[in-house]
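2 protein chains.
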Amino acid sequence: MIRISVDAMGGDFGPEITIAGAAIAQKRFPEIRFIFYGVASAVEPVLKRYPELASASTFIATETYTRMDEKPSQALRNGRGKSSMWKAIEAVKNDEADACVSAGNTGALMAMSYFCLRMMEEADRPGIAGVWPTLRGESIVLDIGATIGASSDQLVDLAVMGAGMFRALYNVKRPSVGLLNIGVEEVKGLDEIKQAGMMLREIGLDGLEYKGFVEGNDIGKGTVDVVVTEGFSGNIALKAAEGTARQMAQILREAMSSSWLTKLGYLFSISAFRQLKQKMDPGRVNGGVLLGLNGVVIKSHGGTDADGFASALRVGYEMVNNKLLEKIAADLRHFHDKKPELLERGTHAGHD
Amino acid sequence: MIRISVDAMGGDFGPEITIAGAAIAQKRFPEIRFIFYGVASAVEPVLKRYPELASASTFIATETYTRMDEKPSQALRNGRGKSSMWKAIEAVKNDEADACVSAGNTGALMAMSYFCLRMMEEADRPGIAGVWPTLRGESIVLDIGATIGASSDQLVDLAVMGAGMFRALYNVKRPSVGLLNIGVEEVKGLDEIKQAGMMLREIGLDGLEYKGFVEGNDIGKGTVDVVVTEGFSGNIALKAAEGTARQMAQILREAMSSSWLTKLGYLFSISAFRQLKQKMDPGRVNGGVLLGLNGVVIKSHGGTDADGFASALRVGYEMVNNKLLEKIAADLRHFHDKKPELLERGTHAGHD
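Protein chains in written order, with this note's numbering: chain A, 1 to 352; chain B, 1 to 352.
Be careful, since some hints might not be right.
Claimed, not checked - So the derived label-pair ranges between C-beta atoms look like this:
1. R246(B) x Y170(A): 20 to 28 Å
2. K27(A) x L261(B): 27 to 35 Å
3. D12(A) x Q195(B): 43 to 51 Å
4. I270(A) x S151(B): 47 to 55 Å
5. E254(A) x A330(B): 39 to 47 Å
6. A249(B) x E96(A): 43 to 51 Å
7. H334(B) x R333(A): 52 to 60 Å
8. I270(A) x Q278(B): 44 to 52 Å
9. G302(A) x G137(B): 25 to 33 Å
10. N294(B) x R77(A): 50 to 58 Å
Said to hold, decoys possible - If the Cβ cut is set under 8 Å, some of the chain A residues that face chain B in the computed set are:
11. V172
12. S176
13. L180
14. I182
15. F232
16. A237
17. Q247
18. L261
19. H336
20. P340
21. E341
22. L342
Rather than coming from a laboratory, the hints here were simulated on the basis of the structure.
On a predicted model such as this, the values are computed, not experimentally measured, just so you know.
The C-beta atom is built at its ideal place from N, Cα and C for all residues, glycine as well.
Okay, chain A solo, but in the shape it has when bound (with noise of 0.2 Å):
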């Protein structure tokens, strides 16, 4: 049995999409258990319409829930120790749950799980791990969750907590990691990303392959399973690939209505722009996940269907099943342990 802990509030149609979402997840996953947190006249009404979810899934009502809009801040102010994303959060800290999902506002899921779990010991910065669609299948990225900067080290930190997922989610014993840079040379980039590079080409951790500097070309093209940087940059990617994919999707529909010629082509090949649309659809692997924690966070995007929060679902399943948590704490503690032993060897190194 895995317990998932659910913010059915959260997101931006609320229960109507969370628990729908949970009860194709169930039927996938029969041993998943749900718990639900939410206010009471918003979910069971939901909830009453799937008896067989119901029936093996905990309701706990909740009296307040935090707001897509509001800030970090405000959120940990009005919704501590009673909105259903905290209550939900908590649940994995009391180990009722085993993850937790939320749809819910980013800034404040992480600042509430921050608060309420704490950084795992091995680590000292939290990142979100994004799963991207690419030509060769699905790479993660991270940190996209938009904490500026990073040291090397934390960059190694990540590098290893994206191969756990990725090994997690792929079943691939040694993912590719690149880190991103604005070019491939070893000379380019800042230098924590050459230092970076430097430790995990040195160091050769057995759960990752590291395959060097990546461009941000290379992300679409699938080059390497896991991209690291700091999420500055990673926020700026995503956004900018989201953007293009938008742009040219608009286009070709402009362009597709633009006659009757290109409607009739159009009806001829839907079944190609069914492909495209699957193929580049962030919510086919809908889930970016908090790393570093104590405890799994998996976040959803806000606006995403009952098939996008399954598949949410199921990441945060998957990640529980692999023994994601245990993974990289085990990793982290391997890098931590040979660094000095590098740092010295680096140091002698540079006398020579």
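Once you have looked at the hints, place chain B on chain A.
Chain B in isolation, oriented as in the chain A frame:
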């Protein structure tokens, strides 16, 4: 008459494209006089095929040229004073040309331009500005030249230079300007960006209208005319967007040839795909402009075709025709004159 010096050897295809592109540009803008620099055995046979262009141009043979894969330091060592790229830049310095255009190696072009032309007195950091196709038309994004980091002053300089370029290219009096950030709220992001935002808001420059922060997805939307960022995230954004566009195009290509029905659909809607290609084509407004130097230098895409190279030549033509350098220098002086007063006000406000 506007004189443009051309590194005829630059780009993946050398004279075949650069000379052909110049022939196209000359028809559109008969007042351009070209000076071609290149190795005689490579350039002369191609130039002979365009007698009209040849009769109205000068060809200056150089003993060597800068390779596409040379590192900037190598390129300087090997090409300084003698390669076609260097000579074309030097023509601007010696007032033999009004602008220089090259499809060659970007790093080498930046290094040589910087070395040969030096920074304009009013600017203290070079930048490359690129034209980005958007849903609303075209925007200018800078710095995409991979110069890492920028102080708040330098970000304002980039804003001023980008707005000057937008005015020159599109004949808009007060282009809208946004600072690329990870959120639109005033409290988010790097200190330099917040400080630059404060200066742009307070100082009230005549040549631009400051609109606040924009995010990665605003670039493709065309939310503002000019998007300002330092070179690391600018490069990441550009390449992430390029990668996504290529990824979507490839998925679509494969999907459209997956069955006879979709193939037929493609034939019917081919005009729609042409529209998409044309609207997303970076070659349509080909040309990154090196800003902050004592001279106009345009970088064309290395893999461009003759039409694309003609577009880069057009950018050079418009820059000169609209007196870009003079305008930028005046705007920068205006900003630097106003800054002390602004900072004083800022200090007083801080003491209140």
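Hints versus structure:
1. R246(B) x Y170(A): 20 to 28 Å: holds (24 Å)
2. K27(A) x L261(B): 27 to 35 Å: With a Cβ separation near 32 Å, K27(A) and L261(B) satisfy 27 to 35 Å, so the hint holds.
3. D12(A) x Q195(B): 43 to 51 Å: Once the Cβ atoms are compared, 34 Å apart, the range 43 to 51 Å for Q195(B) and D12(A) is violated.
4. I270(A) x S151(B): 47 to 55 Å: The hint (47 to 55 Å, Cβ to Cβ) holds, given that I270(A) and S151(B) are roughly 52 Å apart.
5. E254(A) x A330(B): 39 to 47 Å: holds (40 Å)
6. A249(B) x E96(A): 43 to 51 Å: holds (48 Å)
7. H334(B) x R333(A): 52 to 60 Å: At roughly 57 Å between Cβ atoms, R333(A) and H334(B) fall inside 52 to 60 Å, so the hint holds.
8. I270(A) x Q278(B): 44 to 52 Å: For Q278(B) against I270(A), whose Cβ atoms are near 23 Å apart, the range 44 to 52 Å is violated.
9. G302(A) x G137(B): 25 to 33 Å: Holds: the Cβ-Cβ distance is about 30 Å, inside 25 to 33 Å.
10. N294(B) x R77(A): 50 to 58 Å: holds (55 Å)
11. V172: violated (21 Å)
12. S176: violated (17 Å)
13. L180: holds (7 Å)
14. I182: holds (4 Å)
15. F232: holds (6 Å)
16. A237: Constraint on A237(A) satisfied, holds at 4 Å.
17. Q247: For Q247(A), the interface hint holds, since the closest Cβ of chain B sits about 4 Å away, which is under 8 Å.
18. L261: L261(A) check passes; min Cβ-Cβ to chain B is 5 Å, inside 8 Å.
19. H336: Given a least distance of 28 Å, the restraint on H336(A) is violated.
20. P340: This interface hint is violated because 29 Å lies over the 8 Å limit.
21. E341: violated (31 Å)
22. L342: Hint violated; L342(A) Cβ to chain B Cβ min 25 Å, cut 8 Å.
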